[in-house]
Amino acid sequence: MGTVHQTKTQHMGKMEFDSVINNHHITIDTVEAGGGENHGPNPKPLMLSALAGCTGMDVVSLLNKMRAEYSDFSIDVDADLSDEHPRMYTEIRVKYFIKINDREKMEKAVRLSKDQYCGVSAMLKKVCPVEFEINYL
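Oh and the sequence shown: position 24 is 442 in my numbering, straight run, nothing missing.
Source of the hints: derived by calculation from the structure; they are not laboratory data.
Mixed in with the good hints there might be a few duds.
Taking lysine-lysine pairs in the PhoX-like style, the calculated list, with each CA pair at most 20 Å apart, reads [to be verified]:
{"hint": "1", "residue 1": "Lys462", "residue 2": "Lys543"}
{"hint": "2", "residue 1": "Lys513", "residue 2": "Lys532"}
{"hint": "3", "residue 1": "Lys532", "residue 2": "Lys483"}
{"hint": "4", "residue 1": "Lys523", "residue 2": "Lys483"}
{"hint": "5", "residue 1": "Lys462", "residue 2": "Lys513"}
{"hint": "6", "residue 1": "Lys532", "residue 2": "Lys543"}
{"hint": "7", "residue 1": "Lys513", "residue 2": "Lys523"}
{"hint": "8", "residue 1": "Lys513", "residue 2": "Lys526"}
{"hint": "9", "residue 1": "Lys432", "residue 2": "Lys462"}
{"hint": "10", "residue 1": "Lys532", "residue 2": "Lys544"}
{"hint": "11", "residue 1": "Lys544", "residue 2": "Lys462"}
{"hint": "12", "residue 1": "Lys517", "residue 2": "Lys483"}
{"hint": "13", "residue 1": "Lys483", "residue 2": "Lys526"}
{"hint": "14", "residue 1": "Lys543", "residue 2": "Lys513"}
{"hint": "15", "residue 1": "Lys426", "residue 2": "Lys462"}
Model, not experiment: these values are computed from the prediction.
Please work from the sequences and hints to get the whole structure.
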């Protein structure tokens, strides 16, 4: 059996929850129109942030192992949400932005993250397409 990940989430009132992940607190909420007070992100966009963090850590680790010099690295993720319930993402787009001279190393790092290392991406790909795009600055 593999490693077990665990979170603890407590209802704080209205639509707000306090979730503890690795001893870090994250507030999850929704906007006033949804009954919340907008004290934190909605759950689904939080998954997109987890995807960015997962693939981002892969890419940084791989570029460092390849001794590639880079700067100004960021990741934008956007997704289309279905109109029907349960409202789910129908397509996710991961967009990397980076200054790097060795584009081959960046392409290899993204390919390895996408195809082999990023567990968040692998899970999400089971329910909808996940596209990856590199933008060189």
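Here is what the structure says about each hint:
1. For the hint linking Lys462 to Lys543, the alpha-carbon distance of about 15 Å falls within 20 Å, and the restraint holds.
2. With a C-alpha separation of about 12 Å, the suggested pair Lys513 and Lys532 falls inside the 20 Å cut-off, and the hint holds.
3. Our distance criterion of 20 Å between C-alpha atoms is met by Lys532 and Lys483, whose separation comes to about 17 Å.
4. Only pairs whose Cα atoms come within 20 Å are accepted, and Lys523 paired with Lys483 is accepted, the gap being roughly 10 Å.
5. For the proposed pair Lys462 and Lys513, the alpha carbon gap of about 18 Å is at most 20 Å, so the pair holds.
6. For the hint pairing Lys532 with Lys543, the CA-to-CA distance comes to about 10 Å; that is within 20 Å, so the pair holds.
7. Our distance criterion of 20 Å between C-alpha atoms is met by Lys513 and Lys523, whose separation comes to about 16 Å.
8. At most 20 Å may separate the alpha-carbon atoms for a hinted pair to count; Lys513 and Lys526 meet this at roughly 15 Å.
9. For the proposed pair Lys432 and Lys462, the alpha carbon gap of about 18 Å is at most 20 Å, so the pair holds.
10. Proximity of Lys532 to Lys544 is assessed by CA-CA distance (about 13 Å); at most 20 Å being required, the pair is judged to hold.
11. Only pairs whose Cα atoms come within 20 Å are accepted, and Lys544 paired with Lys462 is accepted, the gap being roughly 16 Å.
12. Distance check on the hinted pair: Lys517 and Lys483 sit about 17 Å apart at the alpha-carbon level, within 20 Å; holds.
13. A C-alpha spacing of about 12 Å is found between Lys483 and Lys526, which places the hinted pair at or below 20 Å, so the restraint holds.
14. Proposed proximity of Lys543 and Lys513 is supported: the alpha carbons are some 16 Å apart, at most 20 Å.
15. Only pairs whose Cα atoms come within 20 Å are accepted, and Lys426 paired with Lys462 is accepted, the gap being roughly 18 Å.
Of the numbered hints stated above, none is contradicted by the structure.
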